[in-house]
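S.K.: The residues making up each chain are set out below.
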Amino acid sequence: MEHWSPTSITDTGTQPHSVAARLARDPKVVCAGGFILFLILLAIGAPLIAPKDPLAQNLLMTTVPPVGFADAEPGFLLGTDGLGRDVLSRVIFGSRVSLTVAFVAAGLACLIGSLLGLMAGFLGNVVDALISRLVDVWMAFPPVLLSILLVALLGTGLHSVIAAIVVIDWTRFCRVVRTETMGQAQMDYVVAARTIGFSRPSILFREIFPNVVPVLIALLTLEMGIAVVVEAILSFVGLSVSSDTPTWGGMIAEGRQIVHEAWWVLAAPLAALFATVVAFNQIGDGLARSLDPVLRR
Amino acid sequence: MFNVTRRQAFAASGGLLATLLAPQRFALAAAGNTLNIAYNLPLPSFDPDVGPSSVNPTIQAMYRSIFDQYIGQKPNLAFEPGLLTAWGWNDDKTKVWMDVRENVVWHDGTPFTPEDVIWSIQREAKPDGGNPVSFIWAGIDSFKVDGKRITADVKQYDPVIFKWMAFLTGYVLPKAYFEKVGPQGFEKAPIGTGPYMVDAYEGNAYLRLKANPKYWGGKPAFETVVFKFVPDATSRVAEIESGSSDITLEVPYEEYDRLKGKAGLQGVCTPISDIAQIFITNGGVMDDKNVRLAMCHAVDKEAIVKRLLRGYGVPIATLEAPEYAAFDPSIKVAYDPALAAKLLAASGYSKEKPVKFTIQTTRGFKPKDYETVQAIVGMWRNVGIEANIEIYEIAKHFELRMTHKLAPAAFYNWGNAIGDPTTSTGFAMFSKSPHSAWHSDDLDAKIGPLWGEKDEAKRIQGWKDVDRYIAEQGYILPLLQYAQPILYKSDLKVIPNISGALQPASLVSKA
Amino acid sequence: MLLAIVVNRLAMALVTLAGVAVVVFVLLRVVPGDPVAMMISPGAGPADIAALKAHYGLDAPLLTQFWIWIKGVVTGDFGISITLHVYVTEVLASRLPATIELAVLALIVAVILGGGIAVAGTLMRRTVGEAAIDGLNSILLAVPDFIWALALVLIFAVALPVLPLTGRIDPALAQGFATKFYLAESIITFRFAVAGNIASHMAMPTLALALPLAAVIVRLLKQSLKEAMVQDYVLLARIKGFRELHLVLQEALRNAVGPTLALTGVQFTFLIGGTVIVERIFAYPGIGNLAIDAVINRDFPLIQGLVLLFGLIFILINIGVDLTVATLNPRLRHA
Chain A
2 MEHWSPTSIT
12 DTGTQPHSVA
22 ARLARDPKVV
32 CAGGFILFLI
42 LLAIGAPLIA
52 PKDPLAQNLL
62 MTTVPPVGFA
72 DAEPGFLLGT
82 DGLGRDVLSR
92 VIFGSRVSLT
102 VAFVAAGLAC
112 LIGSLLGLMA
122 GFLGNVVDAL
132 ISRLVDVWMA
142 FPPVLLSILL
152 VALLGTGLHS
162 VIAAIVVIDW
172 TRFCRVVRTE
182 TMGQAQMDYV
192 VAARTIGFSR
202 PSILFREIFP
212 NVVPVLIALL
222 TLEMGIAVVV
232 EAILSFVGLS
242 VSSDTPTWGG
252 MIAEGRQIVH
262 EAWWVLAAPL
272 AALFATVVAF
282 NQIGDGLARS
292 LDPVLRR
Chain B
32 MFNVTRRQAF
42 AASGGLLATL
52 LAPQRFALAA
62 AGNTLNIAYN
72 LPLPSFDPDV
82 GPSSVNPTIQ
92 AMYRSIFDQY
102 IGQKPNLAFE
112 PGLLTAWGWN
122 DDKTKVWMDV
132 RENVVWHDGT
142 PFTPEDVIWS
152 IQREAKPDGG
162 NPVSFIWAGI
172 DSFKVDGKRI
182 TADVKQYDPV
192 IFKWMAFLTG
202 YVLPKAYFEK
212 VGPQGFEKAP
222 IGTGPYMVDA
232 YEGNAYLRLK
242 ANPKYWGGKP
252 AFETVVFKFV
262 PDATSRVAEI
272 ESGSSDITLE
282 VPYEEYDRLK
292 GKAGLQGVCT
302 PISDIAQIFI
312 TNGGVMDDKN
322 VRLAMCHAVD
332 KEAIVKRLLR
342 GYGVPIATLE
352 APEYAAFDPS
362 IKVAYDPALA
372 AKLLAASGYS
382 KEKPVKFTIQ
392 TTRGFKPKDY
402 ETVQAIVGMW
412 RNVGIEANIE
422 IYEIAKHFEL
432 RMTHKLAPAA
442 FYNWGNAIGD
452 PTTSTGFAMF
462 SKSPHSAWHS
472 DDLDAKIGPL
482 WGEKDEAKRI
492 QGWKDVDRYI
502 AEQGYILPLL
512 QYAQPILYKS
522 DLKVIPNISG
532 ALQPASLVSK
542 A
Chain C
31 MLLAIVVNRL
41 AMALVTLAGV
51 AVVVFVLLRV
61 VPGDPVAMMI
71 SPGAGPADIA
81 ALKAHYGLDA
91 PLLTQFWIWI
101 KGVVTGDFGI
111 SITLHVYVTE
121 VLASRLPATI
131 ELAVLALIVA
141 VILGGGIAVA
151 GTLMRRTVGE
161 AAIDGLNSIL
171 LAVPDFIWAL
181 ALVLIFAVAL
191 PVLPLTGRID
201 PALAQGFATK
211 FYLAESIITF
221 RFAVAGNIAS
231 HMAMPTLALA
241 LPLAAVIVRL
251 LKQSLKEAMV
261 QDYVLLARIK
271 GFRELHLVLQ
281 EALRNAVGPT
291 LALTGVQFTF
301 LIGGTVIVER
311 IFAYPGIGNL
321 AIDAVINRDF
331 PLIQGLVLLF
341 GLIFILINIG
351 VDLTVATLNP
361 RLRHA
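So the protein sequences, as listed, match chains A, B and C.
If you read the first sequence in this note's numbering, its first letter stands for residue 2, the second for the next number, and so on.
If you read the second sequence in this note's numbering, its first letter stands for residue 32, the second for the next number, and so on.
If you read the third sequence in this note's numbering, its first letter stands for residue 31, the second for the next number, and so on.
This is chain A alone, in the form it adopts within the complex (with noise of 0.2 Å):
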C-alpha cells in the first residue's frame, strides 16, 4: 500500500516518470533534447573534437571562405576570420562560453528568485511586503543601463556576464513563484496538512514546492534561451568575455562589420546562437504543453 500523503490524492498526474515518458513521445522536444545535450559533449570535449587552435592567428590567411567556395583552405570547414582564425574551432569553443552562461546564470537566477519567491508567497504579510518591495524597486531599473553599469563596476569578464543576468533576471522567477507558492497554499490538500500537524517548512518542501517545480523548470529552460542571448547582446555592446576566448556574440559583433567581404564570420555563430535558443524553447514549451492538463487536450 503506498505511503499516503495529501499529495497522493489531489495531484493530477505529475509524477516524473510519466512527465518524461510524454515528453519523449514529442518529436519536437526529442530533437531539442539531443541537440542540447550534442552541444554539451561538444563543450566538454571542445579541445578534442576543434580541428584548430582558437587564438591561433594567422595574418596571411585572413577571411578565408568556407570549404565549397572559391578560394577556400583545405582544413578550415567554415573559413577564417580577420585575424585567420578558424571560425568552426571558435564556434566549438564559443559554445562553452554560451553554455556556461545558460546553465550557470539561468540555474543561480532561479535559485534565488525561487527562494526568495517560495519565502515571499508562503510566508506572507512582513516577509512578503519587503521581498515585493525589493522585487519593484530591482525592476524599475532600465535592464541594459543597469548591466552596463554592473559590468563598468565588475569589470568584463564572464563572472560579470552572469552577474548581470541573475541580477536582472531573478525578479522574473520570484514573481512566478510567489505567485503559484500563493495560489498552492490556499489549496484544500495544504490545509488540510496544516489541520493535521505538519510544520511549515516541511509543507514548504514536501507538498507545495513539488507542486511549483513543474512551472519552475519550464521557466528555467526558456531563462536559458534568454541568458544565451543576453550574453550576445553584452558581447556586441564590447562588455562580455574579455580574454581571447572567442563567444558567440563577440563573433557577431566582429562578423558585422565585414559581413560584405566575410559573410560566414558573421552566419556561423548566429546560426549556432540561433539553434541553441529554439532548443531550449522547444524543450521549455514541450515541458509546459505536456504539464497543463488542459493543453494535452
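Do not take every clue at face value.
Said to hold, decoys possible - The calculated lysine to aspartate or glutamate pairs, modelled on EDC-like cross-linking and capped at a C-alpha distance of 16 Å, are: (1) Lys124(B) to Glu487(B); (2) Lys436(B) to Asp64(C); (3) Lys477(B) to Asp496(B); (4) Lys210(C) to Glu233(B); (5) Lys363(B) to Glu333(B); (6) Lys387(B) to Asp319(B); (7) Lys291(B) to Glu262(A); (8) Lys124(B) to Asp486(B); (9) Lys83(C) to Glu430(B); (10) Lys219(B) to Asp64(C); (11) Lys29(A) to Asp89(C); (12) Lys29(A) to Asp164(C); (13) Lys293(B) to Glu262(A); (14) Lys175(B) to Glu146(B); (15) Lys186(B) to Asp123(B); (16) Lys83(C) to Asp159(B).
Quick caveat, the hints were computed from the structure, so don't treat them as lab data.
Just so you know, these numbers come straight off a predicted model, no measurement behind them.
Starting from the known structure of chain A, arrange chains B and C on it as the hints suggest.
M.R.: Chains B and C in isolation, oriented as in the chain A frame:
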C-alpha cells in the same frame, strides 16, 4: 470631434504610403546646395572652450564651422591667421602681442572686437571654469588694447602658447552676447564668427548649418550643411552606400576598399595626427629593460598595418609622426623577434617560461584596436611573453591613467593636431603630467628643461634626443599612425585634413 | 475600488523611487571612472583636477552630494548635465517623446501582428497551420532585436534602398513643431507628407522592436485562447450556433486577454528601457541613445535623471496595466 470623410482618409493613407515607399534616388550631391555628412560622433555641447567635448579632436570639425580660432590651421598642419592676423613675442620673451582682424561680425551682426579675444582668454583661464587646459590660458594676463593690437604679460615663457591658440579650446566667443544670455542661453542659440551659422539642432540626431554670407574668409561652397550623427560604423556605411549621405568617414577599412571604387563614389584615406601606442607603466616586471625592449622588438608593425588595417597606416618608432615638428626618421626600432627572445633569455624568460603581465585595451573605440592587441599578444607569445588581455572602456582608462594605476601595458591612442613635441612626447612621458604611465627620474631630468627652452632649434633637437632615449630604453611602445578613410560622392572634391577634422567650409567643394 | 488601487500604487511608487534613487547614486560613485577624469587634458596638474571636481560638485562628501541632489529632485531640479551643459530635465523632456513614439508604435504593430497571428493560430488549432505558426514563432522568439536591426539594414540599405536608414526625420522638414511628438503632431495637423517622412524613418527601428514582442504575444495569447476555448461558456455559445471566429474574438478573447495584457505591460517597460541598441544602430535620437553616451562619459546627473525617469515610467505603466486588467476583470478590482 472633426469628421474625416472616407475620401480624405483614403487620400491621407495614400499619401502616407506613397511617401513611405518612394524610392531613394542616389542623388548626386552637387545637384543641390546641401551637403549631408554622416558623422561618427554627436555634438554634446556648443561651448568649444569648456567641458569634455572641448578636448575631442573629431568634434573640432563642427566647432570650426561655427566658430573661429585665434590662429587658424591649414590641412597640412601649417598655421595661418585666424581672428588674429599677426602675433609674436617681445625681445626678452616676457610679453606677447596680437593683432586682431578687422571688419569681422558675429552671426547676430554685432562687430567683433579685441574685447572678445581678451574676454575669451580670461574665461578659459579660470581654474573652476571647466576648461581642461586652463593653466595654459592663465599664463597670459594684464591685457592692454591699442587699436587692433593687444599686448599682454606672460608669467613664464611658453614656446607653444601660440600653437595652443590653433588647438583644442582655442576659440573666440562673443563677450556681450554670452554675458547677456548666459551659458544655458548660449547652448540654445550659439553664435560665432565662423563660415556657418546654426540653423537647427537636435541632440543625437543632426546639426543643420546655413552659410554665413558675411564670413571674412568668403562665403562657403554649400548653402546648407547637415551633420547627421550616426555613431554606428555599419550604419554609416549603409548611409553612404544608399546615397542618403554625401560624405562619411571612419568606416571599416574593408568597407572603404569595397566602396571607394563603386560607381558614384570616391574615397581618400591618408594619415592623420593620431597615433596608436602601448603605454608601459613602471613597476613590477616592466622595470626590467630586457622585457621592455623585447616587447618592442617582437612586434611586426608592418604586418599589422598591411594585414589588419589593409595597408592604411604608417608604422612609427617614436611618439612623433612624420608630419610633426620633432620627427626624426633616423630613430628606428627594428622588428627582430630573435633579438627579443635573446633579451628575454638574458632575464631568464623563454617560450616555456614566459614573462606574464596584463595588457589593457579598448574594444571598438579605434579601428581594429582589439584585433591589433590580439595580434601583438600572438607575436609576443612566440618569443616568451604571455600577456593577458583585459578589455576596459575609455572612462576606466582615463581614471586609471589619472591615478597612475594602469596595467603594465595599456593600449591607447594619442592625437596631436598641432604636431608639437610637448603635446605628444611631453604630456605622455613627463611624470608630472596626469597622462603619463612611465614615471622615472632620468626621463624627467631630460624633459624638464625643454618646457621653457627659448631657443627653438635647441628645443626641437632636445625633444628628438628625448625620443631617441625613450626608444633606447623602451619606455613606451609606439605602434602606428592612423589613416582616416573618407568616402564621398564622386561629384564632390575633398581635401583631407591631417588633423582629422573634416571641416566642410574649407575642405569640401563641388568637383 | 479603482481609486483605491491607484492611491495604493502611487504610495508604493514613492517608496520604490526613493529606493531607486539611493541605489543609482551609490552605484555611480562606486563604479570606476568619473566625469572629471574623462575631460582633463594634457598638462593638467593636481590643482586643476581639484578645481574641476569642485566646479562639478564632486568633491563634497557622499552624503552632502546626495542631499544636494535630492533637494533638487524634489523641487524638480535634476541638476545640469556635465557633458551637455543644459538642465537634465530639459534634455530628458526633449528626447523622451521620440522614444515614446517609437515604443508606442512598436507596441501597436506588435499587438496587431501578434494578436492576429494568435487568433489565426487558434482558429487553425490542431491542424498543420497551427504547427507551422508554432514553428515560425519559436524561431522568431530566438531572434533578438539587434539581429532584426542588422537584417533590416542589409535588406533596405543594400538590396532595396527604399527606406531611410538613420534618424527620425529629414532635417529639412523639421520646422514648425510645437511639441517634440513629431509623428503625432504632424498627423493631427494634417501634415501627412511630413508624417509619412517620419514614419518611413521609424519603420525599421519599429519593426526591429516589434517583432520580438509580437512573438511573445503570439505564444502567450494563443495559449490563453486555447485554454479559454475549452471552457463551458464557449461550448454553450457553440451550441447556440455562433461561428468559430465570433467564438474566438467575442467569448474567448475577453477572458484570455488578462495575462497577455499584464505581460505586454511589462514588455512595454522593457521596450522603453530597451531601445538602447536599436536607437544606436539607427541613430534614432531618443533616450536610449542619450543613455549610452551618458554612461560612456560618466555624466552623473544625466544618468541619475535617466534612471529615475525610467523608474517613474515603469511604475506608471504598471499602474496603467493594473487598472486596465481590473477594469476588464471585475473580480480583480478588490484584490
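S.K.: Hint by hint, note whether the structure agrees.
M.R.: Outcome of the hint check:
{"no.": "1", "hint": "Lys124(B) to Glu487(B)", "verdict": "holds, 13 Å"}
{"no.": "2", "hint": "Lys436(B) to Asp64(C)", "verdict": "holds, 15 Å"}
{"no.": "3", "hint": "Lys477(B) to Asp496(B)", "verdict": "holds, 9 Å"}
{"no.": "4", "hint": "Lys210(C) to Glu233(B)", "verdict": "holds, 10 Å"}
{"no.": "5", "hint": "Lys363(B) to Glu333(B)", "verdict": "holds, 13 Å"}
{"no.": "6", "hint": "Lys387(B) to Asp319(B)", "verdict": "holds, 13 Å"}
{"no.": "7", "hint": "Lys291(B) to Glu262(A)", "verdict": "holds, 14 Å"}
{"no.": "8", "hint": "Lys124(B) to Asp486(B)", "verdict": "holds, 11 Å"}
{"no.": "9", "hint": "Lys83(C) to Glu430(B)", "verdict": "holds, 13 Å"}
{"no.": "10", "hint": "Lys219(B) to Asp64(C)", "verdict": "violated, 26 Å"}
{"no.": "11", "hint": "Lys29(A) to Asp89(C)", "verdict": "violated, 61 Å"}
{"no.": "12", "hint": "Lys29(A) to Asp164(C)", "verdict": "holds, 11 Å"}
{"no.": "13", "hint": "Lys293(B) to Glu262(A)", "verdict": "holds, 15 Å"}
{"no.": "14", "hint": "Lys175(B) to Glu146(B)", "verdict": "holds, 10 Å"}
{"no.": "15", "hint": "Lys186(B) to Asp123(B)", "verdict": "holds, 12 Å"}
{"no.": "16", "hint": "Lys83(C) to Asp159(B)", "verdict": "holds, 8 Å"}
In summary, the numbered hints that this structure violates are 10 and 11.
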